[in-house]
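Keeping their order, the protein sequence lines are chains A and B. Converting from the first sequence to our numbering requires adding 3 to each position, the first position being numbered 1. Converting from the second sequence to our numbering requires adding 3 to each position, the first position being numbered 1.
Keep in mind that the hints are not guaranteed to be accurate.
If several chains are the same, the list does not tell them apart, and a pair holds so long as it fits within one copy or across any two.
Stated by the list, open to error - Think about it this way: if two alpha-carbon atoms lie no more than 30 Å apart in a straight line, the pair counts; the simulated DSSO-like pairs of lysine-lysine are:
id: 1; residue 1: 399; residue 2: 185
id: 2; residue 1: 185; residue 2: 268
id: 3; residue 1: 399; residue 2: 299
These aren't lab readings, by the way, just hints derived from the structure by calculation.
What follows is each chain in one-letter form.
Number of protein chains: 2
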Amino acid sequence: MLDLIRSLVIENTTKIVLLSLDGLGGLPRSETGRSELETARLPNLSALAAASACGLLRHVAPGITPGSGPGHLGLFGYDPLGFQVGRGVLEALGIEFDLRGGDVAARGNFCTVDGAGLITDRRAGRIATDVNVRLTERLRSIRLPGVELMVEPVKEHRFVLVLRGAGLSGRLSETDPQALGKAPLPVRALEPGAARAAELVNTFIAEAARRLADAAPANMVLLRGFDQLPELPRFPEVYGMRAAAIAAYPMYRGLAKLVGMDVLKTGGTFADEIATLREHWQGYDFFFVHYKDTDKAGEDGDFDAKVAALERFDSFIPSIRDLGADVLVVSGDHSTPSVLAAHGWQPVPALVWSRYCGADPVSAFTERACAAGTLGVLPAHHLMPVVMANALRLTKFGA
Amino acid sequence: MLDLIRSLVIENTTKIVLLSLDGLGGLPRSETGRSELETARLPNLSALAAASACGLLRHVAPGITPGSGPGHLGLFGYDPLGFQVGRGVLEALGIEFDLRGGDVAARGNFCTVDGAGLITDRRAGRIATDVNVRLTERLRSIRLPGVELMVEPVKEHRFVLVLRGAGLSGRLSETDPQALGKAPLPVRALEPGAARAAELVNTFIAEAARRLADAAPANMVLLRGFDQLPELPRFPEVYGMRAAAIAAYPMYRGLAKLVGMDVLKTGGTFADEIATLREHWQGYDFFFVHYKDTDKAGEDGDFDAKVAALERFDSFIPSIRDLGADVLVVSGDHSTPSVLAAHGWQPVPALVWSRYCGADPVSAFTERACAAGTLGVLPAHHLMPVVMANALRLTKFGA
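Whole structure, please, built from the sequences with the hints as guidance.
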């Protein structure tokens, strides 16, 4: 499908803005029977929906809850089932680690083992981040033959392990037995070419156990999600557009970088992001702008905070419309219903506005209303071709 | 999917009429916020929609604008991405050239080159068709060893080139560099078996250049879209129906012939087509009836003419219903919104009427209303199975 799109691309001067509200979709709360989107006062989004083609996006498949990686790949037009990105790589992107082609990345956890080496806590009592920082410092001093070793703290008990060197493979089994009372598993090569990497990682683990022996509860490590940077078709080449990403959070900058977008320097608030958008308006054809607050409130299970986050977002719509984009898209990477306090599988509202988006019966940007839209219920990776078409950037298929 | 359908077919005596309004779908004009379908007075289509299952068709994929070839293949139940037909073949079908299996067809343009052989006009100033006729006459006299050469004028600067002979391949590169100031490219074989065809075409081009040397602005040719007739499953065999096509325009007769329908002789108006339908009513199970006026008005960017074309079509509905079809289908091959003055990617309204089509909230045959129909937003090639089912011509799948 990406090859088809690539073959139909016409370059022109139209401008596209994709606004991604993280965790956009929600669920009604039982007291009112209304979802967050149905509760919030969203005059600007409602007006935009009334003038747009609306629908619902499914990012992976019906019933499948997307992580942030697959969710955004879907929005960018990549089928998340066809382009899988390992957890180690996503974790590295999440701290904006400068992962390079060939590097092997893994997600690490500090854990607690007893005198017999059996796991008693898979998260080491969720140690404070500053303890994590001191312990990863110890692990960094480990030396492995022929490769460069990097250990980066994340939050609490989490860290990222990266091996850099020629000829490594990330096809390695996990060490986390996912159960208490068992010993961590040794890493096994899942393909013949991964034997050396497996040996190196097992050496690292043995050495880490020695250096952490006195550091209980964080006296051992678990490693999973080994992977290398995938070779993804580059967004600017597939779509023939200069593409920029504006995101205050590192994970989303990392995902945009993964597909070859330029990541613009911006501040920590959405107002900063919109200022960055305005500032770089002439320099790009396509802007991916990320809004985090909706997901954060949903993950916290805070219905009212999510409603407030939606209303804050709504207030930015007029200034975004004033920029004069030819195509304006509003959607998200997955649902985060407050009543779940977690990512959900529910399809996510989407709207596409342009001069050519067509008539649509939808006049509210809610889960329920968007179900009647002319976009239908759409795999998320089919949205980008619709967006491109609305920008008159695709020629017809066949004579 | 076609194999599945074939395996489920039951033959019976029901009759199906598929009315295809070319370029049916449209877009609202800004003055009124209403599309062509929403502006037209369509009492008969509205009444039919109220009694039908309605929906929207996508012929290729979301955002992809279909050409007439893929659009009709979709309506006939063939996935247009799985069955691709080259431009040369479509161009030959468009003039009802009797293309045979093994023939290699290409779309030709007369163009202008300067003294150095560089292209200065890719369309030779759109020469008049009678000039084209005289020049193709010159090209026909070219002799190529071991193959028959046919050159057929189309409109203005366009012609069709056909090579007929044993063992030819159509896997050839194009000669049009798609830019001014460059020389036409030589044809290259895209597979080893195409070497001879490449040589023959290059000989033709050299000879054509000589014979056109004094014919500026049409002093050179460009060739593209080389292809051979594809092997398509035959519609009458897949669906177990005697199938007839009624179309005043050659392109649509050609497309119907491509899938093995009988093409009925008819006059130049839609009234003639309906008379032909009535006349052959007993002889077939399935009728594809094509209405061109909607597309023509849309391509001209003439909103009012498209509204009028829809209203004219509407007036034929009672006489078509009087024939007593068991299943009546109304849809189109693609959108041609007047505001685009070109084919569009927008999904196309569709209705399926039968005794068994089911209840549906839709009571107007418009883009907006059909979005809420029980057919949903459907890939066009999934419509034929629904149509067959409504004719009670498919048995159940599995016990």
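Measure nothing new, just compare the shortest in-copy and cross-copy C-alpha distances for residue 399 and residue 299 to 30 Å and report within, between, both or neither. between (41 Å within a copy, 17 Å between copies)
With identical chains, the pair residue 185 and residue 268 could be close in the same copy or across copies; at 30 Å between alpha carbons, which is it: within, between, both, or neither? Cα proximity of residue 185 and residue 268: none, with 45 Å in one copy and 42 Å across.
Can you give me the call for residue 399 and residue 185, within, between, both or neither, at a CA distance of at most 30 Å? between (59 Å within a copy, 25 Å between copies)
In the structure shown, a violation is registered for the earlier hint numbered 2 alone.
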